[in-house]
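The sequence shown begins at 413 in the working numbering and counts up one residue at a time.
Hints listed in this document are in silico derivations from the structure and should not be mistaken for laboratory results. Since we're looking at a predicted model, the values are computed, not measured. All C-beta atoms, glycine included, are put in the ideal place defined by N, C-alpha and C. Among the hints, erroneous ones may be present.
[Stated by the list, open to error] Across the chosen pairs, the derived CB separations fall in these ranges:
1) W507 - P464: 29 to 37 Å
2) R426 - G521: 32 to 40 Å
3) L469 - D497: 16 to 24 Å
4) D503 - A450: 17 to 25 Å
5) L425 - E466: 24 to 32 Å
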Amino acid sequence: MLGLSNASRTALLRLSAHAGLRWHQALSAEAALAYKPALEVYRLALDAAGSPPEHVLMVAAHAWDLRGARAQGMRTAYVQRPVGDPPADSDRFDWQFSGLEELVTAMTGQ
């Protein structure tokens, strides 16, 4: 599991440690010298994953973020959060979930 954030490397490391997040790799947009939703940020994630875009699932609570990922050919999953950016009627994401528990259930089949 890769984390992809607009936060700086330092802030991302502190956030991950403070929140107890365990990533295989946490990527900062800082490495792409751009911010999401710039396409080069998603390219950074695809390069790190070493997989074609159609084999990568971008999960986010911000529709603008998922639009950027979709533009790079990634699969997308919107997870509703109280302070997220909900999808517009025109958005076509692969999945929409009301919370992380629902996403986990769908991904694990449990």
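Violations among the numbered hints, reported as their numbers in ascending order: Hint check: 1 fails alone, others pass.
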